[in-house]
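Please model the complete structure; the sequences and the hints are all you need to start from.
Number of protein chains: 2
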Amino acid sequence: MKRIAIQGIAGSFHEDAARKYFEDDVEVVECKTFTTVCEMIDADKVDFAVMAIENSIAGSLLNNYQLIRDFHLRIIGEIYLHIQMNLLVNEGVTSADIQHIHSHPIALQQCMEFIESYYPNAKLHEKLDTAASAKLVAEEKMINAAAIGNLRSGELYGLKTLETGIETNKKNYTRFLILSKHGNPTKGTNKASVCFEVGHFYGSLARVLNTFAENQINLTKIQSVPIIGKPNEYTFHVDIEWENGENYDRAIHQVLKSASSLSILGEYKRGEIQNQ
Amino acid sequence: MKRIAIQGIAGSFHEDAARKYFEDDVEVVECKTFTTVCEMIDADKVDFAVMAIENSIAGSLLNNYQLIRDFHLRIIGEIYLHIQMNLLVNEGVTSADIQHIHSHPIALQQCMEFIESYYPNAKLHEKLDTAASAKLVAEEKMINAAAIGNLRSGELYGLKTLETGIETNKKNYTRFLILSKHGNPTKGTNKASVCFEVGHFYGSLARVLNTFAENQINLTKIQSVPIIGKPNEYTFHVDIEWENGENYDRAIHQVLKSASSLSILGEYKRGEIQNQ
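If you read the sequences in order, they're chains B and A. Okay, so the first sequence: first residue is 1 according to the working numbering, each after it adds one. Okay, so the second sequence: first residue is 1 according to the working numbering, each after it adds one.
In short, the hints are calculated from the structure, not lab data. It cannot be assumed that every hint is accurate.
The list treats identical chains as interchangeable, and a pair is accepted whether it falls inside one copy or across any two copies.
The calculated lysine-lysine pairs, modelled on DSBU-like cross-linking and capped at a C-alpha distance of 30 Å, are [what the hints assert, rightly or not]:
{"hint": "1", "residue 1": "170", "residue 2": "230"}
{"hint": "2", "residue 1": "171", "residue 2": "32"}
{"hint": "3", "residue 1": "171", "residue 2": "230"}
{"hint": "4", "residue 1": "230", "residue 2": "123"}
{"hint": "5", "residue 1": "32", "residue 2": "45"}
{"hint": "6", "residue 1": "32", "residue 2": "123"}
Computed from a predicted model, the values in this text were never measured in an experiment.
Here it is in structure tokens:
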């Protein structure tokens with residue numbers, strides 16, 4: 001059984017991601033913050049961590065990139081999770097009873113069309129995470145409230161599912177990274193997350209991207225992040241994919257001639273976005 | 001007096017940004033969601049909107065880019081705001097009285113070092129926004145609680161500032177966009193926000209960036225956003241700056257030959273990041 005650090009509590013989407021990646025062979029270690037998650041790996045108290053890095057609606061969690069760099073962690077895998085929201089209540093509670101709805105602010109926002117259609121007068125309570133909301137509704141035996149969260153949190157805390165798939169945008173995915181203290185050499189890697197800086201002149205970024213293109217390396221993500229305290233300078237976070245490992249080796253070598261301080265955050269097998 | 005739609009309530013960082021950009025000549029119109037903000041402009045109920053688009057720590061608000069496109073709004077300006085956090089309490093309340101702290105989850109996280117040093121036992125209450133927390137602490141005349149927020153919310157709701165600059169990261173900036181229904185032709189623009197798609201082949205993005213570079217156009221932001229429902233296709237959000245408007249005209253024309261569906265979200269004067 002692998003010990004996996006996650007931000008949040010058991011039942012959360014982070015646990016869903018960990019179970020999916022490690023095929024249920026996991027014991028989750030609950031952490032209050034993403035920083036604590038990294039500290040747990042660093043102190044060898046867990047085997048791996050699973051950490052959200054971007055969501056198709058809300059965007060990237062830039063601070064998590066910074067944590068990965070600060071703690072010198074390695075990305076050893078990725079997994080995409082379809083984010084489906086459900087209305088969870090205690091046994092015996094019906095639609096007509098619901099006067100309060102508890103969830104994470106982003107989850108509430110994601111279900112606003114549903115809430116405004118069916119519960120326009122419900123009082124919304126913003127909580128730290130979706131699983132914690134389910135736990136709260138269950139533990140306090142609330143008879144006039146619902147939580148919004150994933151199915152697992154409902155099962156885990158003994159709530160029943162009153163409505164399923166209540167999110168407005170049905171194609172909402174979160175990408176999670178699997179992190180380790182040491183990168184284990186893996187066969188069959190076809191994706192890498194790298195970050196680099198380039199000189200401050202016209203075309204310095206294009207030169208790096210040309211090198212990738214010339215070596216048949218596909219870009220699947222690019223994001224500039226301003227460097228704090230250095231106006232007009234940026235770190236570029238780039239995800240790249242390849243069919244042929246030799247092309248990747250050659251591209252990285254060539255890129256090092258034009259980029260400064262290239263870091264390979266991890267090389268791994270790409271995850272698939274599954275349809276519903 | 002200009003009517004400005006903002007997400008959140010009076011006293012918020014959004015109002016700070018609006019006042020700074022329009023030099024206090026503003027009447028803010030409070031909106032619950034960013035969608036409502038856009039609807040207000042669309043219905044001509046306000047003159048402009050001010051909308052956060054990215055924060056140096058938390059990253060981009062991708063959904064806001066989508067709203068700007070969905071409502072066909074024009075970016076007519078930008079402003080950077082230094083995000084400083086303060087501990088706000090009712091008159092007569094001292095440090096020793098504080099058992100509860102109310103604020104937005106990200107604000108609480110940003111002040112965690114301060115909280116853990118001085119108020120390790122305080123119960124933290126997560127609220128929709130910082131200004132709403134200040135309002136709550138004031139209206140309920142809480143004598144054992146503090147709010148964390150900007151100075152203006154403290155002044156507006158009659159709280160005194162117990163501590164100032166309690167954020168961990170002192171170089172935290174949020175960038176706000178000024179939005180209008182119609183783009184007014186402005187002289188002296190030197191920055192644009194554009195988005196485009198490119199063909200699915202090696203080097204298609206590099207080709208666009210080369211065109212900008214050849215025309216001495218500086219990239220100040222680049223971010224890929226996966227297109228929902230189209231695997232392996234991306235929209236690129238790019239901010240560019242120029243010294244010479246003719247170079248910009250030529251670059252846009254040339255880029256249109258390699259990019260598909262280029263949209264200019266707005267052309268405006270670049271905002272300055274001021275030091276503290």
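We went through each hint and held it up to the structure:
1. 170 - 230: Intra 40 Å, inter 14 Å, cutoff 30 Å: inter-copy only.
2. 171 - 32: Both. Shortest intra-copy (28 Å) and inter-copy (24 Å) distances satisfy the 30 Å Cα cut-off.
3. 171 - 230: between (37 Å within a copy, 11 Å between copies)
4. 230 - 123: neither (45 Å within a copy, 37 Å between copies)
5. 32 - 45: For residue 32 and residue 45, only the intra-copy Cα distance (15 Å) is at most 30 Å; the inter-copy one is 42 Å.
6. 32 - 123: both (26 Å within a copy, 14 Å between copies)
Taken one by one, the earlier hints fail for this structure only at number 4.
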